[in-house]
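K.L.:
If you read the sequences in order, they're chains B and S. Just so you know, we're using the numbering used here here: the first sequence kicks off at 1 and counts up by one. Just so you know, we're using the numbering used here here: the second sequence kicks off at 1001 and counts up by one.
Hints are supplied without guarantee of correctness; some may be wrong.
What the hints assert, rightly or not - Partial chain B-side listing against chain S, Cβ under 8 Å, derived:
| id | residue |
| --- | --- |
| 1 | A55 |
| 2 | L138 |
| 3 | D145 |
| 4 | T148 |
| 5 | I152 |
| 6 | A155 |
| 7 | L165 |
| 8 | F171 |
| 9 | E174 |
| 10 | A189 |
Unchecked claim - Straight-line distance between alpha carbons at most 30 Å, and here's what the computed DSS-like set of lysine-lysine pairs gives:
| id | chain 1 | residue 1 | chain 2 | residue 2 |
| --- | --- | --- | --- | --- |
| 11 | S | K1056 | S | K1041 |
| 12 | S | K1023 | B | K53 |
| 13 | B | K53 | S | K1101 |
| 14 | B | K107 | B | K68 |
| 15 | B | K60 | B | K166 |
| 16 | B | K107 | B | K60 |
| 17 | S | K1023 | B | K166 |
| 18 | B | K188 | S | K1041 |
| 19 | B | K53 | B | K68 |
| 20 | B | K68 | S | K1101 |
| 21 | S | K1023 | B | K188 |
| 22 | S | K1101 | B | K166 |
| 23 | B | K107 | B | K188 |
| 24 | S | K1023 | B | K60 |
| 25 | S | K1023 | S | K1041 |
| 26 | B | K53 | B | K188 |
| 27 | S | K1041 | B | K68 |
| 28 | B | K107 | B | K53 |
| 29 | S | K1056 | B | K87 |
| 30 | S | K1101 | S | K1023 |
| 31 | B | K87 | B | K166 |
| 32 | B | K166 | B | K53 |
| 33 | B | K68 | B | K166 |
| 34 | B | K87 | B | K68 |
Rather than coming from a laboratory, the hints here were simulated on the basis of the structure. Glycine included, each C-beta is placed from N, C-alpha and C at the ideal position.
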Amino acid sequence: MRTGVFFSALSRFRDSPIDSTHSSSGGRHRITVLIAIVFAVLAAGFAGGCAVKLAPDYDKAIFDGLTKANQDAMVLFASAQSGPYSKRAAAYDTTIGELAAVQVQIKARATPTPPPLLTGFAVAVGDKSAGQQISDALEAPTAGDVVTLIRIMNAAKRDDENGRLKRRLDFHVEAFAIQMAQALAYEKALQR
Amino acid sequence: MGTINPGQLVSAIQAAATNAAGKDISTIQGFARDQVLRIEKLSIRLAEMIAQGEFKDDPEGQADFLGILQDIITNFTKTLRGLAVITIEKVWNAIVDVVWKALDSATGLALPRPIP
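So that you can see chain B by itself, here it is in the shape it has in the complex:
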C-alpha cells in the first residue's frame, strides 16, 4: 500500500517539471530531487515505512508504581533502627507486593518488534544468534531492575527478622537506592 502510494507519487514527479521558475537550472534540480528520492526510498526501506520504535511506550502507572514503592521502602528503612521486627513485617510485605504488582505491569507492556533493518541485517550476516541478540538489546531493563529490588527487600526482611539489620542497613538502603535510580532513569527516558 505504502509502496503503491510512493510509486504513484514518483510517476507524478516524473511527468511534471521540477522547478518551472528556474528553467535554466531545471536539470540540476531534477537530479537533486532524484537523489533525495533515492535517499527517501533507502530510508523507507530501512524504516519499513514507519517511524522506528526501539523501546516501549512510557507508562505512567509503572513510573508511579516504582515511585510509590520507593517512598514506602525508604519510610520502612528509616523506621528500621527502632522497635521490633514484628512491627515492620507487614510493611515489608506491602513494599514487596507493590514491586510485584509493578512487575506484572511491566510484563504486560507491549515491546516493539525489532525494525526490518536490524532483523534483515541478522539474516544477511547469517548469524542466527544475531536476531536473538538484537531482541535482547531492545528489551527494556526495568523488569530485571524490579527483580533485584525485590531481592534486596527480601534480604533486608530476612536480616531484620534475624536481628542483623542494624549492622547491614546502610548496604540495603544504598543498594535499593542505586537499583531504583536505574529503574526510574530508564522509565523517565521513555517519556519522549
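Starting from the known structure of chain B, arrange chain S on it as the hints suggest.
P.N.:
Same frame as chain B, but now just chain S:
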C-alpha cells in the same frame, strides 16, 4: 514546487540529530558517573563487611549480598544500553522527519509519512 538544496538538507539533518541526541547524551553521562561512584562505594562497604567478619556465621547472606551487587552492576549496563537505544531511536526518527519534510517541499506531494 520547491527544490532541495543538498547543503541545507545536510545541515538540517545534522541539526536534527544534534538536537535529538545532545541533551540525552549529557543526561546519560551524568547518570553513568553517579552510578559508577555509588556502585564503587557499595562495593567498598561490602568488602569492609566481609573483612570485619559480618558474614562469618552467615555464608548464605554473604552470597546473597554479592549476588545483589552483581545484579546491580549487570542492570546498570543494561540500563545504559536501554538509554542509548532510546537516544538512537530519537536521532533516527528526527533525521527521517527532516528528509520527509524536504521531500514534501520539493515534490509538492504528501509522500507517505513515517507512522509515529
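K.L.:
Does each hint fit the structure? Answer for all of them.
P.N.:
Structure-based check of each hint:
no., hint, verdict
1, A55, "holds, 5 Å"
2, L138, "holds, 6 Å"
3, D145, "holds, 5 Å"
4, T148, "holds, 4 Å"
5, I152, "holds, 6 Å"
6, A155, "holds, 5 Å"
7, L165, "violated, 11 Å"
8, F171, "holds, 6 Å"
9, E174, "holds, 5 Å"
10, A189, "holds, 5 Å"
11, S:K1056 <-> S:K1041, "holds, 22 Å"
12, S:K1023 <-> B:K53, "holds, 19 Å"
13, B:K53 <-> S:K1101, "holds, 20 Å"
14, B:K107 <-> B:K68, "holds, 19 Å"
15, B:K60 <-> B:K166, "violated, 35 Å"
16, B:K107 <-> B:K60, "holds, 15 Å"
17, S:K1023 <-> B:K166, "violated, 41 Å"
18, B:K188 <-> S:K1041, "holds, 25 Å"
19, B:K53 <-> B:K68, "holds, 28 Å"
20, B:K68 <-> S:K1101, "violated, 43 Å"
21, S:K1023 <-> B:K188, "holds, 14 Å"
22, S:K1101 <-> B:K166, "violated, 61 Å"
23, B:K107 <-> B:K188, "holds, 17 Å"
24, S:K1023 <-> B:K60, "holds, 22 Å"
25, S:K1023 <-> S:K1041, "holds, 28 Å"
26, B:K53 <-> B:K188, "holds, 16 Å"
27, S:K1041 <-> B:K68, "holds, 26 Å"
28, B:K107 <-> B:K53, "holds, 18 Å"
29, S:K1056 <-> B:K87, "holds, 28 Å"
30, S:K1101 <-> S:K1023, "holds, 24 Å"
31, B:K87 <-> B:K166, "holds, 15 Å"
32, B:K166 <-> B:K53, "violated, 46 Å"
33, B:K68 <-> B:K166, "holds, 24 Å"
34, B:K87 <-> B:K68, "holds, 20 Å"
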